[in-house]
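Visitor: Go by the hints and put chain G onto chain W.
Each chain, written out:
Protein chains: 2
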Amino acid sequence: MAQQCEAQGVALRPHIKTLKSLEAAAIYAPLPMPITVSTLAEARAFAEAGYQDILYAVGLSPNKFAQVNALLNDAVTLTVVIDSTDAAAQLCDQAHQLDHPLRVAIEIDVDGQRAGVAAIDESLIAIAAKVATTPSLTFAGVMGHAGASYGCFDAVSRDQMAQQECQQVLLAAKNLADAGYPCTMISAGSTPTVLASASREGLSEMRAGVYATFDLVMAGLGVCAYSDIALSVLTCVIGHQKDKHWVLIDAGWMALSRDTGTQNHPLDCGYGLVCDEQGKILEGWYVAHTNQEHGVVKHRDGRTPDESFAYGTMLRILPVHACATAAQYHSYHVTQDNEHTHASWPRINGW
Amino acid sequence: MAQQCEAQGVALRPHIKTLKSLEAAAIYAPLPMPITVSTLAEARAFAEAGYQDILYAVGLSPNKFAQVNALLNDAVTLTVVIDSTDAAAQLCDQAHQLDHPLRVAIEIDVDGQRAGVAAIDESLIAIAAKVATTPSLTFAGVMGHAGASYGCFDAVSRDQMAQQECQQVLLAAKNLADAGYPCTMISAGSTPTVLASASREGLSEMRAGVYATFDLVMAGLGVCAYSDIALSVLTCVIGHQKDKHWVLIDAGWMALSRDTGTQNHPLDCGYGLVCDEQGKILEGWYVAHTNQEHGVVKHRDGRTPDESFAYGTMLRILPVHACATAAQYHSYHVTQDNEHTHASWPRINGW
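In order, the protein sequence lines correspond to chains W and G. When we follow the UniProt record's numbering, the leftmost residue of the first sequence carries the number 1, and every step to the right adds one. When we follow the UniProt record's numbering, the leftmost residue of the second sequence carries the number 1, and every step to the right adds one.
In short, the hints are calculated from the structure, not lab data. A couple of the hints might just be wrong.
Identical copies go unnamed one by one, so any copy, or any two together, can satisfy a pair.
As the list claims (entries may be wrong) - No more than 20 Å apart at the CA atoms, straight line, and that leaves these computed lysine to any residue pairs for SDA-like:
no.	residue 1	residue 2
1	LYS244	THR134
2	LYS244	THR85
3	LYS242	SER123
4	LYS280	ASP243
5	LYS174	ASP111
All figures in this text were calculated on a predicted structure; none of them were measured in a lab.
Here chain W stands alone, though its shape is the one from the complex (with noise of 0.2 Å):
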């Protein structure tokens, strides 16, 4: 990722919303680098790890406004969310408690799938207005985020989803402008959309988050190959229903997250592929359904388990969804060529 940004002369400001994980960051965001928040208790832990310029992804509701300013108070360049006259009406109201300045991007709706205002909606000078005449507060730019590359099977569409999704933010950026309000961040990005190519030219930087482990949706979309995939839940064969062709592994949703997320797929991995404890892919297991602590894992063309499969035979499964995968858990057990180091690295969960 840090390559294709950089070979298209564009920032990188990874989101660090799948690990929640500063040792894992340091590898693939490594200080002084810019970074991209879900939540801020994420922006709070990853500030006292000297994270500096922190843009917090979400649109920001009233309440969080003293986590906001005490996020200020220790020297975070951070910038929030919004996109609606209503937030900033809101936000402007408030300003005045804010013991420092802060930044505030407009959020711009690049494919209609979740929150932000229209390239072209009127509304989008009034927000960048009232911001930019409220004293602690400063108009950053805009942002966009393309989910709907989530829905891009190809490399032509996620070419041209990669291509909405900047030209969306550019004309944003460019109708602000002359409006008198001229941008300095203007941000996009998606693992799928950030892959892809297209024309950055305008852009300031480019945010992505699920490459730091990639996934089976990434896989399956065809963004990765499933060897690219760097997380795995460990787990134990319990026992087997010889009649259906069951094996019982003792990690069911609790352990792989409820997320079926390659279900439209033309490969459904249900709940996710089985490989061995190496982590080699076991061709055509996948784990078909699940319940709170059991995983029934059940082969595509509905074959007999051989001794591959023996009750207390440790196998591994990768994940539909990395983020939903990883958020059970409170950390990570790290490997490395196969082998368990004794490294175990915390995530940052709650908000």
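Guide: Just chain G now, kept in the frame of chain W:
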């Protein structure tokens, strides 16, 4: 649930897996009640709090032997379950490492949904024989769980499933007794079946878990009323997409879980039903989509959100599946009569 079991003259062994909280269990599973756990981490924490009769209701795997022995050393009467001759062989081989006797029950497959031996399977006697003749092991009996009750949408089918669950564990117990292996534990249950009508004659105990708070799955089945649900996620309105009549909230799947267990119900609640801050259901409003930290709230008839959904408004979301939603947190904020108390109840997460 306690009244239901008392009326039927059967002991209740609550499953504490939904809330995993000592403070919550003090209400519905007070000492010295026997309890059921889904992880050995729960067993450890509850043992330290004084619980002495604990059933670990997930098929034991060999790699958990040291944890099991540590519990026995703390004078816990621990019952583990197995469901195969392979598991029995490994357990018996390792049993000499145990410092105190371990109680072993056989899981009975009562509905073809998950783990367990069929009541008429000949391996049943072989497992019991192996366990009963191994020093350090005590053959305890049988247990079954009718997970299929989550597919029973009326009282008649629930009653039938409850009867089936009881009959299958009783049949297994009879077959074992006839072979010379009498069962002291004859255990059955799930929240829907324990609340149903069936003869419990011969059972030694019933188990249930999610009744601790109930959830939208249980309400959708008719097992409880929506007003019985005692768990909610407090969230804030962070924006709108006016063209689509969407309200955006800061509770995505990280806050609500990825569970969509009402998808096949007559009323699909998406990722949760929406209440005002006091917990009053706002009729027709539900969380239709989620991203990691964003939820999209819509009305079933597509109506435009009014001032009840203004930017900054606090809402509560009722959980689709309480076990999964609660698992996204490390503690609970306790309310009484819709007011926050200052109590915070920690969860016992992990394994």
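Visitor: Hint by hint, say whether it matches the structure.
Guide: Each hint, compared with the structure:
1. LYS244 - THR134: neither (66 Å within a copy, 31 Å between copies)
2. LYS244 - THR85: between (58 Å within a copy, 18 Å between copies)
3. LYS242 - SER123: between (62 Å within a copy, 12 Å between copies)
4. LYS280 - ASP243: For LYS280 and ASP243, the Cα distance exceeds 20 Å both inside one copy (27 Å) and across copies (48 Å).
5. LYS174 - ASP111: within (18 Å within a copy, 63 Å between copies)
In summary, the structure is inconsistent with hints 1, 4 from the numbered list given earlier, while agreeing with the others.
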